[in-house]
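Asks: Residue numbers (our numbering), protein chains in the order written: chain A, 89 to 700; chain B, 25 to 407.
Please note that the accuracy of each hint is not assured.
[To be verified] Below, in silico cross-link-like pairs of lysine-lysine (DSBU-like), each with a Cα-Cα straight-line distance of 35 Å or less:
id: 1; chain 1: A; residue 1: 452; chain 2: A; residue 2: 480
id: 2; chain 1: B; residue 1: 139; chain 2: A; residue 2: 685
id: 3; chain 1: A; residue 1: 685; chain 2: B; residue 2: 229
id: 4; chain 1: B; residue 1: 43; chain 2: B; residue 2: 107
id: 5; chain 1: B; residue 1: 46; chain 2: A; residue 2: 647
id: 6; chain 1: B; residue 1: 247; chain 2: B; residue 2: 97
id: 7; chain 1: B; residue 1: 340; chain 2: A; residue 2: 685
id: 8; chain 1: A; residue 1: 658; chain 2: B; residue 2: 61
id: 9; chain 1: A; residue 1: 685; chain 2: B; residue 2: 361
id: 10; chain 1: A; residue 1: 648; chain 2: B; residue 2: 68
id: 11; chain 1: A; residue 1: 685; chain 2: B; residue 2: 145
id: 12; chain 1: A; residue 1: 662; chain 2: B; residue 2: 62
id: 13; chain 1: A; residue 1: 332; chain 2: A; residue 2: 618
id: 14; chain 1: B; residue 1: 94; chain 2: A; residue 2: 657
id: 15; chain 1: A; residue 1: 648; chain 2: B; residue 2: 145
id: 16; chain 1: B; residue 1: 139; chain 2: A; residue 2: 648
id: 17; chain 1: B; residue 1: 131; chain 2: B; residue 2: 107
id: 18; chain 1: A; residue 1: 685; chain 2: B; residue 2: 131
id: 19; chain 1: A; residue 1: 383; chain 2: A; residue 2: 628
id: 20; chain 1: B; residue 1: 94; chain 2: B; residue 2: 66
id: 21; chain 1: A; residue 1: 662; chain 2: B; residue 2: 145
id: 22; chain 1: A; residue 1: 662; chain 2: B; residue 2: 97
id: 23; chain 1: B; residue 1: 47; chain 2: A; residue 2: 685
id: 24; chain 1: B; residue 1: 62; chain 2: A; residue 2: 657
id: 25; chain 1: B; residue 1: 131; chain 2: A; residue 2: 662
id: 26; chain 1: A; residue 1: 647; chain 2: B; residue 2: 145
id: 27; chain 1: B; residue 1: 68; chain 2: A; residue 2: 647
[Said to hold, decoys possible] Not the full set, but computed from the structure, chain A residues with beta-carbon under 10 Å of chain B:
id: 28; residue: 657
id: 29; residue: 660
id: 30; residue: 664
id: 31; residue: 666
id: 32; residue: 681
id: 33; residue: 682
id: 34; residue: 686
id: 35; residue: 689
id: 36; residue: 696
Because the hints were derived from the structure by calculation, they are not lab data. Idealized CB from N, CA, C, for every residue including glycine.
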Amino acid sequence: MPRKKPKASRTQASSKPTAKKKSAKKKTAKKTAKKTAKKTGSAASRRQGGLFDSESAANPVRPKKKIKKKTATKTATQKTARKSASTDQGDMAIAEKMANKQKDISVSEFFAKNRHLLGFDSPARALLTTVREAVDNSLDACEEASVLPELFIDVRATESTQHVVTIRDNGPGIVREQLPRIFARLLYGSKFHSRKQTRGQQGIGISAAGMYGTLTTGKPMRVVSRTSRRKPAIELVLAIDMAKNLPVVKKESEVEVEWAHGTEVQIELEGTYKKGKHSIDSFLDQVSLANPHVKIIYSNPIDEEPIIWERVSKVLPDPPNEILPHPHGVELGILMQMMKETSSRTVSGFLCTEFCRVTPNVVKKISDETEGLGKRIDTDRHPKRLSNTDVKVLHKGIEATRMMAPPTNCLSPIGEVLMAKTLGRNFDPELVITVTRQPSVYRGNPFQVEAGIAWGGELPGDDLASIYRFANRVPLQYEQGACAITQSIVGTPWKNYEIQQARGALPTGPLAILVHIASVWVPFTSESKKAVASYDEILKEMRLAIMEAGRKLAIHLRKKRRLADAERKKDYIKTYIPQIGIALQDILTLSDTQRTKAEGNLSEVLERSRKM
Amino acid sequence: MAKKIAKSYIDRVKRENAKRDKKTITSIENAADEIYKKILRKGKPMLRFPVRSLSNVSYDKRKGYLEIGKARKERTLTVNTVKGFAQTLRMMGLSRELVQTNDFATKRDVYYQSKNWAEAKFSEQSESDTVMDDIEALFSVDDVSREQLRFVPDEHGGAVAGELVVLDPDLDTGEVERIDCTRFGSGAYSIPSSVEHLSFETNAKFVLAIETGGIFQRLQSHKFWKTADCILVSMAGVPTRSTRRFIRRLSDQIKIPVYAFVDCDPYGISNIYRTLKVGSGNAAHINRFFCVPSASYLGVTPQDIIDYDLPTHPLKDVDIKRAKDALKNDPFFQSKKQWRDALEQLLKMGVRAEQQSLAMWGLNYVIETYLPAKLANSKKFLP
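When you get a sec, could you build the whole thing from the sequences and use the hints?
Replies: Structure representation (structure tokens):
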């Protein structure tokens, strides 16, 4: 059910992360959203979900730049204007004139002009982005409502470059009041980067897809939602008022549907359907790899029959828990922010309530460490009264203090058994090997790495291995080369595992390699979140996971080769003994009987020695 | 030549050939029979090859060539060796057939012949060459040479000019071809790849084996063989098997000395001259047929460089390495003090000189002065 989570989710309910959230929000809000959001609606200013679900945390710099640029160009034109203006006019007047031209930019308008930021830069990508957004939202909604997700996706061409995309889920549905805001308003929703493993790291809201559709085809989006068998399904035709960033309900009606609950969204947009690595097919295939509990039924404009991925597990993954930040991962700026916003009245209380693994005993150790750094920080002081220098010392003290690693029950790996099942289903290989490592920690963030290898079967033997990268169960389809996952696969000594590998390249052979990193905070190389950054701890865990899988693969391959060798040698006997017979017959002018006897004897002797 | 003599010569050659061929066939059949009998007893047949490496080579002054030692490697027929075994036996069969049909095959011929052997065929000539070397080594123990196995080298021999008549019997017609090596004008007689059937008539006093074509040309065109009463042989670098065998048979039959005239550098000394005289290290199993123990070293010697004040080039690193290797590892040089001294002298001088450097004193200085002076004092030749 494609939608943004309504705000009353765990994120909001749990009180503890508020400080962290606030601080982070402020940080990012300052940069972008706050400015605009304030003016467009209080809801959006309070939580920057929706469009910014995932990207808000990392992306804010970009819009800011853009806005700045605009002002800059304006100033430039003003400057030239001033040159020609009479000297009688004071700077004041020009400033006022300039001020008159400054005006609010609606988020919707901004994104309408910068669609590439949302993943709509090419017609092929637009189609994929729309599906990705809808699928992410649907899966999150289903899982939150504890429903085994079943997704129905239909891509149909209306014109050669125009497609209707329909995505339906069997989620809880959305109440009538929320529908317009969720689908037809940017920056509305609940998914903000809390310290919890969430999917919503990849794109922007479904509302942007709807807006893109309207912009390119002039057609509004259609949403149907039903919350229970007892209630009728409601169909809305929605458009966005781009200037005000407000939903416009064009048509509303009750409709008959076959399904009991769920949400269906239909968007007509300009886009081209393509097969290949960056296709919808490939995306859904990968979704099914990392989500064994999901069933997907997918129709596209080329294949006649729908493609169906049956679920291999009827158990929903454990819902990831939310955790407090670990002190070792906190940056100085964020620490300062948190201290300004905390309601605790002592540094000690602040540290104990807003971080995990901090006890009064740990606070004492931190305090002791600060003494070693030149200035002992009195942890009974009010956190807001600490000078910046003091906070710096405190921050260093925290870094220097040994403390327990963060809890790891916040992670939700796919698991070895289920990973093996999905790999088996999707590739029909001869062998599947899966490895789920124990959780580990980088910079105070817990994370867990899994690796799976499918070998043989129908996989092409002469090609480079295909790599399937996942972060929190979401496929990473772009920037393979820059990713820590690729790096660790390339860095693995495949030759030791009976697999060919050119220097500095991916291994060659009938291989599909899956690597999944689950973390409350997956570090990406850039704000576009396409590749995992190469932290030493992460690289190490990935390498260990791949190597463990590689070793198991090698055992299988060696055994296989031994058997093949034995088989070949058996053939050797059959192939070459007649030649020895012919030669002996030639040289010694033997009779055929003598030759046959010699050949028989020889076979016997060799077979015996082979078995020994 | 009188018909009678020709007939008796032909008969003799035929007799000798028949004797050799019989020996070859017996050797092959014995080897095959041993394998066959072992198979009948349900044992694992094996072939025993002499080990072909410098570690299994010794120099016996009395015999006069580098001799292969007693070390043998055994190749037992197992699952892993069954292919090589089959190929070896098939090639032995081919050899026997060649003898019986009085034919021959080059290495390349054998490679293509193997294409009839179904799965036992060779996919590269290098494979068939290896098996051929093995067979050659295998039968060298019985004094059967590769030529007797009817496997002939592709390479042809060097050139011959001078006071020599080569008798080449044509067994089909019963005629004996008399080849007079003085009558090639400005050309020369080319040594065939197989020389076993040849015999010689000559009154020459010695054979002069020459490294370079250039000096050979000069001596031949000025009829040096007439003035010095000798036979000239051009080796063109390291002498081929047939050139070595030709000179060997010549010196065996006519019993005249063989003098080598080569460049004064470690290659000329330790590769060309050493191989001519005592054979090569890595084909030691054939040396007894392909060496000329009676050869001695006329020049150019290191002392000549000083005596004749020859223009020189500095020794290259590879030259120095080769000379040091000869002193340290080569059983021939180790057993000859004169050679050890000469090589050490050369190393000390740090230079080398070519045969043709004599041309500095005049193009025909080599004919008019150098060779007569050297030949007048043949006792001083290096061994």
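Asks: Take the hints in turn and mark each one as holding or not.
Replies: Cross-check of the supplied hints:
The suggested pairing of residue 452/A with residue 480/A holds, with an alpha-carbon distance near 17 Å, which does not exceed 35 Å. Straight-line distance between C-alpha atoms of residue 139/B and residue 685/A comes to about 26 Å, which keeps the hinted pair within the 35 Å bound. The hinted pair formed by residue 685/A and residue 229/B fails the criterion: a straight-line CA distance of about 62 Å is larger than 35 Å. With a C-alpha separation of about 33 Å, the suggested pair residue 43/B and residue 107/B falls inside the 35 Å cut-off, and the hint holds.
For the hint pairing residue 46/B with residue 647/A, the CA-to-CA distance comes to about 52 Å; that exceeds 35 Å, so the pair is violated. At most 35 Å may separate the alpha-carbon atoms for a hinted pair to count; residue 247/B and residue 97/B exceed this at roughly 51 Å. Annotation: proposed proximity of residue 340/B to residue 685/A is violated, straight-line Cα distance about 63 Å (limit 35 Å). A C-alpha spacing of about 24 Å is found between residue 658/A and residue 61/B, which places the hinted pair at or below 35 Å, so the restraint holds.
As the CA atoms of residue 685/A and residue 361/B are separated by approximately 61 Å, the hinted pair breaks the 35 Å bound. Among the hinted pairs, residue 648/A with residue 68/B is consistent with the structure: their alpha-carbon atoms are about 29 Å apart, no more than 35 Å. With a C-alpha separation of about 24 Å, the suggested pairing of residue 685/A with residue 145/B holds against the 35 Å cut-off. Using a Cα cut-off of 35 Å, the hinted pair residue 662/A and residue 62/B holds, with the two alpha carbons roughly 19 Å apart.
Of the pairs offered as hints, the one joining residue 332/A and residue 618/A holds, with about 31 Å between alpha carbons and a cut-off of 35 Å not exceeded. For a cut-off of 35 Å, the pair hint linking residue 94/B to residue 657/A stands: about 33 Å separates their Cα positions. The straight-line distance between the Cα atoms of residue 648/A and residue 145/B is roughly 28 Å, inside the 35 Å bound, and the hint therefore holds. Proposed proximity of residue 139/B and residue 648/A is supported: the alpha carbons are some 32 Å apart, at most 35 Å.
The straight-line distance between the Cα atoms of residue 131/B and residue 107/B is roughly 19 Å, inside the 35 Å bound, and the hint therefore holds. Taken as a hint, the residue 685/A and residue 131/B pair is honoured in the structure, with Cα atoms around 33 Å apart against an allowance of 35 Å. Proximity of residue 383/A to residue 628/A is assessed by CA-CA distance (about 33 Å); at most 35 Å being required, the pair is judged to hold. Distance restraint check for residue 94/B and residue 66/B: the Cα-Cα separation of roughly 29 Å lies within the 35 Å cut-off, and the hinted pair is therefore satisfied.
In summary, the hint linking residue 662/A to residue 145/B is supported, as the alpha carbons are separated by about 15 Å, within the 35 Å threshold. With a C-alpha separation of about 26 Å, the suggested pairing of residue 662/A with residue 97/B holds against the 35 Å cut-off. For the suggested pair residue 47/B and residue 685/A, the alpha carbons sit about 29 Å apart, so the restraint of at most 35 Å is met. For the hint pairing residue 62/B with residue 657/A, the CA-to-CA distance comes to about 22 Å; that is within 35 Å, so the pair holds.
A C-alpha spacing of about 28 Å is found between residue 131/B and residue 662/A, which places the hinted pair at or below 35 Å, so the restraint holds. About 30 Å separates the Cα atoms of residue 647/A and residue 145/B, which keeps this hinted pair within 35 Å; it holds. Distance check on the hinted pair: residue 68/B and residue 647/A sit about 29 Å apart at the alpha-carbon level, within 35 Å; holds. Taken as an interface hint, residue 657/A checks out: its beta carbon lies about 5 Å from the nearest beta carbon of chain B, inside 10 Å.
Taking 10 Å as the C-beta cut-off, the interface hint given for residue 660/A holds, the closest approach to chain B being about 5 Å. Using the Cβ-Cβ criterion of 10 Å, the hint placing residue 664/A at the interface with chain B is satisfied: the shortest such distance is roughly 4 Å. For residue 666/A, the interface hint holds, since its Cβ comes within 10 Å of a Cβ in chain B; the closest pair sits about 8 Å apart. Checking residue 681/A against chain B: minimum C-beta separation of about 12 Å lies over 10 Å; hint violated.
Taking 10 Å as the C-beta contact cut-off toward chain B, the hint placing residue 682/A at the interface holds, the least distance being around 8 Å. Below 10 Å, beta-carbon pairs count as interface contacts, and residue 686/A has one with chain B at about 5 Å; its hint therefore holds. A least Cβ separation of about 5 Å between residue 689/A and chain B falls short of the 10 Å threshold, and the interface hint therefore holds. Contact between residue 696/A and chain B, as hinted, is supported at the beta carbon level, the nearest pair being about 9 Å apart and thus within 10 Å.
Hints 3, 5, 6, 7, 9, 32 from the list above are not met by this structure, while the remaining hints are.
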